[in-house]
Every structure is written in C-alpha cells, then in structure tokens.
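Visitor: Please model the complete structure; the sequences and the hints are all you need to start from.
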Amino acid sequence: MNVKEYRRQVEAELSAKAASNARVSDFSAKVVVGADAPDIRAAVSGENWDEAIKQLADPKLDEQARLVALQFLQAGTFLGARFAPYRAKYLAALRTAATSADDAELRHSALDILANLKDDFARQKLMDGLQGAGTALVSPAVALGLLARDDHGSISTLARDLLKSSTDVHTREQAARVLGSDPSARDLLSELMTDKTEFSAVRRASAVALRNLDPGTFETNARSILADHGDFGEIKATVKGATDRLTRP
Amino acid sequence: MGRDLKQSSGDPLSAALALLASSEAHCGCDGSLLALLREDAPLYGGRGAVEAERLRAFVMARLAARGLADTLMPFALQELETSIDPYGIAAAARVIRRASAVPQETASLLGKALDRVRQIDEIVDLENYPATPDPAGRTAVAETIEALAACPNGGSELRSLSRDARAGGYLSSDVMALVDKALGRIGGGGACCAGPAALPISATHATARTLAGVRDVLLENQDGVRMTVGDLFGARPALVAFFYTRCMNPDKCSRTISQLGRVFDELGRRRRANDVLVAAISYDPAYDDPGRLRRYGDDRKFPFAGFCQLLRTVEAFDPIRTALQLEVGYGQNTVNRHRLELMLVDRQGKIDEIAAGRPWDETTVADMLLAV
Numbered sequence: 022m023n024v025k026e027y028r029r030q031v032e033a034e035l036s037a038k039a040a041s042n043a044r045v046s047d048f049s050a051k052v053v054v055g056a057d058a059p060d061i062r063a064a065v066s067g068e069n070w071d072e073a074i075k076q077l078a079d080p081k082l083d084e085q086a087r088l089v090a091l092q093f094l095q096a097g098t099f100l101g102a103r104f105a106p107y108r109a110k111y112l113a114a115l116r117t118a119a120t121s122a123d124d125a126e127l128r129h130s131a132l133d134i135l136a137n138l139k140d141d142f143a144r145q146k147l148m149d150g151l152q153g154a155g156t157a158l159v160s161p162a163v164a165l166g167l168l169a170r171d172d173h174g175s176i177s178t179l180a181r182d183l184l185k186s187s188t189d190v191h192t193r194e195q196a197a198r199v200l201g202s203d204p205s206a207r208d209l210l211s212e213l214m215t216d217k218t219e220f221s222a223v224r225r226a227s228a229v230a231l232r233n234l235d236p237g238t239f240e241t242n243a244r245s246i247l248a249d250h251g252d253f254g255e256i257k258a259t260v261k262g263a264t265d266r267l268t269r270p
Numbered sequence: 304m305g306r307d308l309k310q311s312s313g314d315p316l317s318a319a320l321a322l323l324a325s326s327e328a329h330c331g332c333d334g335s336l337l338a339l340l341r342e343d344a345p346l347y348g349g350r351g352a353v354e355a356e357r358l359r360a361f362v363m364a365r366l367a368a369r370g371l372a373d374t375l376m377p378f379a380l381q382e383l384e385t386s387i388d389p390y391g392i393a394a395a396a397r398v399i400r401r402a403s404a405v406p407q408e409t410a411s412l413l414g415k416a417l418d419r420v421r422q423i424d425e426i427v428d429l430e431n432y433p434a435t436p437d438p439a440g441r442t443a444v445a446e447t448i449e450a451l452a453a454c455p456n457g458g459s460e461l462r463s464l465s466r467d468a469r470a471g472g473y474l475s476s477d478v479m480a481l482v483d484k485a486l487g488r489i490g491g492g493g494a495c496c497a498g499p500a501a502l503p504i505s506a507t508h509a510t511a512r513t514l515a516g517v518r519d520v521l522l523e524n525q526d527g528v529r530m531t532v533g534d535l536f537g538a539r540p541a542l543v544a545f546f547y548t549r550c551m552n553p554d555k556c557s558r559t560i561s562q563l564g565r566v567f568d569e570l571g572r573r574r575r576a577n578d579v580l581v582a583a584i585s586y587d588p589a590y591d592d593p594g595r596l597r598r599y600g601d602d603r604k605f606p607f608a609g610f611c612q613l614l615r616t617v618e619a620f621d622p623i624r625t626a627l628q629l630e631v632g633y634g635q636n637t638v639n640r641h642r643l644e645l646m647l648v649d650r651q652g653k654i655d656e657i658a659a660g661r662p663w664d665e666t667t668v669a670d671m672l673l674a675v
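Protein chains in written order, with our numbering: chain A, 22 to 270; chain B, 304 to 675.
Some hints could be false.
Result set (SDA-like, lysine to any residue): computed pairs, CA atoms no more than 25 Å apart in a straight line [unchecked claim]:
#1 B:Lys653 / B:Gly537
#2 B:Lys604 / B:Pro540
#3 A:Lys139 / B:Glu523
#4 A:Lys75 / B:Ser476
#5 B:Lys415 / A:Leu100
#6 B:Lys653 / B:Glu523
#7 A:Lys139 / B:Pro433
#8 B:Lys653 / B:Glu342
#9 B:Lys604 / B:Arg661
#10 A:Lys139 / B:Asp343
#11 A:Lys81 / B:Ala439
#12 A:Lys139 / B:Ile387
These are calculated hints, taken from the structure and not from any lab test.
Guide: See the structure below:
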C-alpha cells in the first residue's frame, strides 16, 4: 500500500469515528447535567425519548451510541409520570438491546436495568444462559448477581447446584449471595462460612447472607472464627464488622 | 393456543396446558379449569413471584377466551383491586371485555388499576407462555382502556381520563388515540347490561373449617413467647389474618396489618379490646422470626398487646395452611402468591371467612368481631 492509499484509509476510519461520536454527543448534550444545564425542558422532550428508544433498539447502530441512548433514557425514568408514556417501549428496547448487542457493556447495562425491574423476560434469558438452554448473555457470576436481586425469584436450587459444581470464585460468591434469601440454606451457609478451605470471598458472602437469615448462628460462627488464631484476616475483618453492627431484637 | 413449553409430561404445568388446550368447547371440566386460578394451584409451585403472576395471567386470559369470563369475574375484580403487575391487570381487563354482565363497581376499579399500571406499563403477551411480547404489541394500559370501554359507566371514567391525561401529558399519543376511539364507540352512554351489584366488601360466609385439628400447633409471637393454637384461641372471639413480611404488594400484607391494628384501636375506643383477640400469622415462619415480626408491626403502628399479636408457627406452617385451606403458594424461597385472608374465629374454633379475598373495612369488621 502506498502513502496516499494509507492516508485515505486512515482518513476514512477517522471520519467514521467522528460520525459515531457526533451521534453519541447528540444525546450527551441532551443529558441533564446539574442545575445549570440550559433549556432542561427541551432536553428531556418526548421527541428525544422516542428517538433514543429507536436508537437503543437498533442493532445496526454503533453500540456506543446505543449505550448513550440507554443512559439518556434511564435518566428520563427519574422524571416519573412524565416518562411513564414511554416506559413500555423503553422496556421493549432494553430487551432488544440485552439480546441483540455484540457489546458486553451494552448487554450488561440493559440487563442490569431489567433485573432491577424484575423483568421476567430478562430472568428467563439469564436462566437459559446459566442452564445451557440458551446463549449466555453475561458470565455466570454476573447472571447470578442480577437474578439475586429478586428475593421472590426461584434460583436457590440452581445456586446450590452451582455451589456443588463450580470452582469459579465469582460464581460461588454470587451463589452464596443468592442463598441469603432462602431460609432453608442456613446450614449450607454456615458450613461455607466456617470452611477454611473455601475461597475467602465465598466465606465472606456466606457470612453476610447468614447474618441476614439467622443472626444467632452467624454470631456463634463469628465468635468461633474470631477466636481461631489459625483463621484468615479477611474473614475475621468481615465478621468482626458485622458482629459489631449486629442488633438483636 | 400459542407456543408450547418445553416441559416434561406429567408435571403440573403440562397438565394445565393440556387442559386449557382441550378441544372440547364444553368439556364439563369447568371446576378443574377454575382450580387453575387458585393461588396455591400446583402449577405455580416452585416458581418465582413474577413468573407465577405471568403464568396465572396467561391462564386467566385463556379461560376467558374459552367462554368462562362471567365465572372469572371475582378473580378479575381481585386483580383489579390489588394487582401491581401489568400482566395481572391486563388479564383481568380481558375477562371484563369478554363478560356478558359486569358489576357496577368495575369501571371504578379499572380506573384505579389504570392509575397503578400506567406507572409500570409494558407490552403484554397473553397468548403465549412464556410470554414473547412483540415490540409492536398492545400494552397493559391499552388493554385496560379497552375494558373500560366495555363497562357500565366506563364512558364516564374514560372522559375523566381523557381530560386529566391531556392536562398532565401522562399518556402517550397512541394511547390517547385509543381513548378517543373508545369514547367515539361509546357515544353518550356506557355499555349496556349493567350486571349485579358487587358482593358487599365485608360480607362473611360460614365455612366448615375449624381450628380443632391444629390446637397443638406451637406458635411464637413477636416477643418470642410461645403458646399453642389451643392456648391462644378459644377464650375469646378472634379476628385472624395471614401475612408475611417479605410481601411486595403494599395493598396486601402491609395494608392488612395496618388495618388489623386499626381494628384493635377501634375496639379500644369502644372499651372492648379485652373481649376479643386480634392476630396475624405469618405464611413464612422460617424467615419471619420474632424480631422481624416486631419490626414489621412497629413500622405499621401495630398496637402490640396481650390480645393483639403477630405470630409465626415454630415448626412448619403446613398444618395450619391445610386445616384452614389457605390459598397461598410458594416459590423456592418464600411465598409467590397468596389471597387476602381474613377470618372470624369463635370460642369453639369455628371459622367464618370475611371478604373472600377482597379488601375490607375496619369499622365493619370490628362490628362483626364484637357480634361473634
């Protein structure tokens, strides 16, 4: 390739990037930033929300632009009743983004919002990914963490299975967190908390989960850990802090 | 009938789907079909709350489509009164649209449901389970508006909605067009054939249930004090409700406990607080320990006293659930669905049910309790 050719190629790449950045800054300019932002009402108009929803749902669009559209829309949700007419289409666009994006950050961002809303579509997709029934949209640990937000969800069985089978520290840690809403998991959490061969992060997550479910057993285990000169500093720090804050009825 | 699920044969969901898909228009199986809407129906067992809600909404819509809408009216009204899920409200709206006679209160209930659902609106799919909502599909708000158009006095609610929504800008242009179209169809009046008046909210009905078989079940109250069912009940008439502290619906358990407290306060004003017992028992005893019961009551100004308590069973809740035929279902961690349950218990442990799953009024219930 000669220099002229190379220059033309670089210029073409830079133009494409500038166009993408222009789309990004379209919405960036409209995101309300602080009380001094000019013309707030114009910035958060329904016309912009409609456009942002189209962009979020468009799998052909640059993913950075989609991400900015998502952030713009999510900011809009704080306006409550004003955003309400757009909510249904926003959710539909989030589901599309969660399942159509190549970009992991966009998928994760969309699923994060849907999980907070206890969206059943997102729940099913995350479960399919964990159980191998569909594409894993995020890592097992991230999927579990998102599903754990719903204490009325039903993933305890899956979490126990993963604790039996997974050797990944992040997955095990999130599985322990999930069990914090399952009263029948007390004994298991107690075992994990006191198991010196377990990952520290998993022991700490189990301790926090057990403290929520059964403060009495947590405290017994905590005292035992604190008194054990052979146990590790990280778990001691976690249980000491939690014990100090423990208030009993 | 929609997409079939990948379920193994013999499980409750497969059996339910097969029953719904039955090709016989009148199979004589209406009782079995209606049983699918019980809160404790096996097909909801083990599922998360949202998942169970969606499945039940699908079942309700399918039953309405096969001609059972009039029979489903009590279920639909309960959803309109308390559901905080767009699918539950949309399914109830479908029932209303298909019913041949609609109670007079329905338009007002739809209006209140619309107020709730427009904050949580989403596109719904009631044709398939699992739902696969089409981005171009109909929303729960749209379903509710269509149902309003089919109601007696629906026109009045729609006109009010149209006026308020235009002023407040809280409905999309698509939905406003739907409202205008519905008003155009209705014209000057509401739908014909106003149905029967609603069952009085605080009516009682006698049941065959008693506490006789569970007298030895051990309970524990918010202070950790233990007693048997037989110790607690039997000395005086009692008002009993059921709840759990993790209930996410403010119009169910939270409201029930607040109201129960106000009933006891009312009895105190009448100087009759020592003559009766007011109690609520948790559906979720493994989680609702005494500390949680106390905090839950305190947060709702529950007037804890010797005859006003929040309780849990020390062992499993099942014996009480079975003996009293409570409509409560469970996911893997906790309750996934439950009905509003309120009961009067006489000194012999015999039970009358109040309100049959509907919201109730404290003053009327206080009167009923004193009359036991």
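Visitor: Are the Cα atoms of lysine 653 (chain B) and glutamate 342 (chain B) separated by 25 Å or less?
Guide: Roughly 23 Å between the alpha carbons, so the hint for lysine 653 (chain B) and glutamate 342 (chain B) holds.
Visitor: Does the alpha-carbon distance linking lysine 139 (chain A) and aspartate 343 (chain B) stay inside the 25 Å limit?
Guide: Judged against 25 Å, a Cα distance of about 22 Å means the pair holds.
Visitor: Does the structure keep lysine 653 (chain B) and glycine 537 (chain B) at a Cα separation of 25 Å or less?
Guide: holds (10 Å)
Visitor: With a cut-off of 25 Å on the C-alpha distance, tell me whether lysine 139 (chain A) and proline 433 (chain B) pass.
Guide: holds (15 Å)
Visitor: Against the 25 Å threshold, does the CA-CA distance of lysine 604 (chain B) and arginine 661 (chain B) hold or violate the hint?
Guide: Judged against 25 Å, a Cα distance of about 23 Å means the pair holds.
Visitor: Need the status of pair lysine 653 (chain B), glutamate 523 (chain B): alpha-carbon distance at most 25 Å?
Guide: holds (22 Å)
Visitor: Hey, lysine 81 (chain A) versus alanine 439 (chain B), does the alpha-carbon distance stay inside 25 Å?
Guide: Distance of about 19 Å is within 25 Å: holds.
Visitor: Within 25 Å, alpha carbon to alpha carbon, are lysine 139 (chain A) and isoleucine 387 (chain B)?
Guide: holds (12 Å)
Visitor: Between the alpha carbons of lysine 604 (chain B) and proline 540 (chain B), is the straight-line distance 25 Å or under?
Guide: holds (23 Å)
Visitor: Could you grab the alpha-carbon distance between lysine 415 (chain B) and leucine 100 (chain A) and see if it respects the 25 Å cut-off?
Guide: Judged against 25 Å, a Cα distance of about 21 Å means the pair holds.
Visitor: With a cut-off of 25 Å on the C-alpha distance, tell me whether lysine 139 (chain A) and glutamate 523 (chain B) pass.
Guide: Answer violated: lysine 139 (chain A) to glutamate 523 (chain B) is near 33 Å, above 25 Å.
Visitor: Does the alpha-carbon distance linking lysine 75 (chain A) and serine 476 (chain B) stay inside the 25 Å limit?
Guide: holds (16 Å)
Of the numbered hints given earlier, the model fails hint 3 alone.
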